[in-house]
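Enquirer: All chains, please: the whole structure from these sequences, using the hints.
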Amino acid sequence: MKTSELGSFLGADCLQGDYEDRDIAGAYTSDLLSDAMANAVDEGILITIQAHKNTIAVATIKDLRAIVLCNNRPVPDDMIEAARNEGIALFVTKDSQYEVSGKLYAQLSGT
Amino acid sequence: MLAIPIHQDNSPEAVISILFKLKVKDVMTHPILTASPSDTLRHIQQVMKKNHITGIPVADSENRLLGIVSMDDIVTALDNGWIEDQAGLHMTTNVIVLEENMSLSFCVSYFNKYSFGRFPVLDSRSRLVGIVTASDVISTLLVALNKEVERLEHTAESAETGPAGAKPENSGEQVIEFKTEPFNFEIAGQASTEIKKLLKSGGIDTAITRRVGIASYELEINQVVHSAGGIMRYILKADTLVIEAEDTGPGIPNLEKAMTEGFSTANERVRSLGFGAGMGLPNTKRVADEFYIDSAEGRGTLVRATFNLKGSTAV
Numbered sequence: 179m180k181t182s183e184l185g186s187f188l189g190a191d192c193l194q195g196d197y198e199d200r201d202i203a204g205a206y207t208s209d210l211l212s213d214a215m216a217n218a219v220d221e222g223i224l225i226t227i228q229a230h231k232n233t234i235a236v237a238t239i240k241d242l243r244a245i246v247l248c249n250n251r252p253v254p255d256d257m258i259e260a261a262r263n264e265g266i267a268l269f270v271t272k273d274s275q276y277e278v279s280g281k282l283y284a285q286l287s288g289t
Numbered sequence: 099m100l101a102i103p104i105h106q107d108n109s110p111e112a113v114i115s116i117l118f119k120l121k122v123k124d125v126m127t128h129p130i131l132t133a134s135p136s137d138t139l140r141h142i143q144q145v146m147k148k149n150h151i152t153g154i155p156v157a158d159s160e161n162r163l164l165g166i167v168s169m170d171d172i173v174t175a176l177d178n179g180w181i182e183d184q185a186g187l188h189m190t191t192n193v194i195v196l197e198e199n200m201s202l203s204f205c206v207s208y209f210n211k212y213s214f215g216r217f218p219v220l221d222s223r224s225r226l227v228g229i230v231t232a233s234d235v236i237s238t239l240l241v242a243l244n245k246e247v248e249r250l251e252h253t254a255e256s257a258e259t260g261p262a263g264a265k266p267e268n269s270g271e272q273v274i275e276f277k278t279e280p281f282n283f284e285i286a287g288q289a290s291t292e293i294k295k296l297l298k299s300g301g302i303d304t305a306i307t308r309r310v311g312i313a314s315y316e317l318e319i320n321q322v323v324h325s326a327g328g329i330m331r332y333i334l335k336a337d338t339l340v341i342e343a344e345d346t347g348p349g350i351p352n353l354e355k356a357m358t359e360g361f362s363t364a365n366e367r368v369r370s371l372g373f374g375a376g377m378g379l380p381n382t383k384r385v386a387d388e389f390y391i392d393s394a395e396g397r398g399t400l401v402r403a404t405f406n407l408k409g410s411t412a413v
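Top to bottom, those sequences are chains U and S.
Its first residue numbered 179, the first sequence is counted upward by one per residue in my numbering.
Its first residue numbered 99, the second sequence is counted upward by one per residue in my numbering.
Treat the hints as calculated values from the structure; they're not laboratory data.
Computed from a predicted model, the values in this text were never measured in an experiment.
Glycine included, C-beta positions come from ideal geometry on N, C-alpha and C.
Where hints are given, some of them may not hold.
[Unchecked claim] Cross-link-like lysine to aspartate or glutamate pairs, in silico, EDC-like; alpha carbons within 20 Å at most:
1) 295(S) x 196(U)
2) 180(U) x 241(U)
3) 298(S) x 220(U)
[Stated by the list, open to error] In silico negatives: residues of chain U with every beta carbon more than 10 Å from chain S:
4) 192
5) 206
6) 277
7) 283
8) 287
Expert: Structure representation (structure tokens):
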């Protein structure tokens with residue numbers, strides 16, 4: 179699955195679409211940034227409710243393709259700005275982390 | 099009268115931002131000497147002489163400002179022969195005051211607008227809490243400007259050593275430093291993303307640069323969350339990178355606990371941002387090729403994480 183397919187697959191809105199479209203290596207779901215840093219899949223995506231700039235720093239370090247923000251969390255402008263600078267896609271959805279993980283599970287681990 | 103030579107409409111942004119960030123209470127002198135209206139002008143003149151000051155506010159017993167006696171008032175009193183009179187009779191009562199939460203920019207424009215050498219400062223309940231002289235303002239501004247210039251120099255340095263000029267393999271040793279500030283999550287992560295880009299542009303293996311990024315970010319966040327501020331130092335040699343995270347305290351009382359996964363002393367606010375999972379130091383140790391920590395309660399903490407940039411043994 180590629181980053182550009184995430185939005186329509188999840189029914190999520192894309193808040194930051196300035197990225198290089200590549201394959202997603204996997205996904206990790208966590209709201210603890212240290213945990214995400216330790217366990218997120220390199221070049222994968224992060225499913226979280228942590229809608230702030232520091233999540234972008236973690237994504238940059240782990241070379242994540244995208245962050246999916248759940249429960250319609252309000253996303254501050256500086257987070258979108260930081261994501262744009264780093265070329266990381268940003269999606270927001272009304273679904274919970276559980277629902278997003280469920281939708282993606284077969285898709286990303288079946289390949 | 100001493101004016102403060104800062105033009106607020108055409109000064110550099112850094113100066114303007116300092117003027118707005120600092121408050122009157124940050125520059126004022128307090129506690130202060132006050133006089134009572136029943137003190138004689140002679141007595142006040144002696145207090146001023148003894149304390150090398152040029153003006154004293156006059157307040158009642160509940161610290162409400164009644165007036166001010168300045169050097170001018172003393173000279174006038176000597177001229178007119180009323181130096182033995184009570185201050186209440188001859189003090190200047192038309193006093194311009196500042197409120198402690200006003201920005202420094204306001205204060206500077208007051209000095210330039212009115213020809214007074216000092217302004218009494220009141221709190222929100224109109225009680226006298228301090229006094230500001232032009233020299234208070236200038237010395238605080240100098241300190242703040244120095245800090246800002248230092249910060250800008252650091253930024254300039256790290257920009258110079260950034261991706262464009264990054265050739266870690268051709269030089270002996272390169273040292274890059276970043277400052278962290280307590281609870282400043284705005285700039286947290288800056289050092290780590292910069293250093294990761296630097297390594298990446300130097301052609302270092304991506305798995306290694308990611309491990310460096312993780313350790314660096316954890317240590318940076320630790321300083322932001324737990325310390326009174328510190329330095330993130332990156333010592334880059336041909337084959338190794340050493341990250342030194344050094345802070346000014348308060349230190350870790352129990353190192354064994356701090357190194358235990360899941361143990362955290364972070365507060366609610368920090369946790370709500372997704373930090374404070376008690377994984378910072380264990381994560382750092384796990385990704386580094388060598389790990390060293392030195393800390394004790396009451397002094398600073400030094401963490402040193404070493405990375406072998408040409409292939410490595412850590413997981």
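Enquirer: For every hint, state whether the structure bears it out.
Expert: Now for the hints, and whether the structure bears them out:
Distance restraint check for residue 295(S) and residue 196(U): the Cα-Cα separation of roughly 19 Å lies within the 20 Å cut-off, and the hinted pair is therefore satisfied. Distance restraint check for residue 180(U) and residue 241(U): the Cα-Cα separation of roughly 15 Å lies within the 20 Å cut-off, and the hinted pair is therefore satisfied. For the hint linking residue 298(S) to residue 220(U), the alpha-carbon distance of about 15 Å falls within 20 Å, and the restraint holds. The claim that residue 192(U) is not at the interface with chain S holds, since no C-beta of that chain comes within 10 Å of its own (minimum 22 Å).
Residue 206(U), annotated as away from the interface, keeps every beta carbon of chain S farther than 10 Å; the closest lies near 13 Å. At roughly 20 Å, the least C-beta separation between residue 277(U) and chain S is larger than 10 Å, which holds for a residue marked as non-interface. Look at residue 283(U): its CB is around 22 Å from the nearest CB on chain S, clear of 10 Å, so calling it non-interface holds up. With a cut of 10 Å on Cβ distances, residue 287(U) stays outside the contact zone with chain S, its closest approach being about 22 Å.
No hint from the list above goes unmet by this structure.
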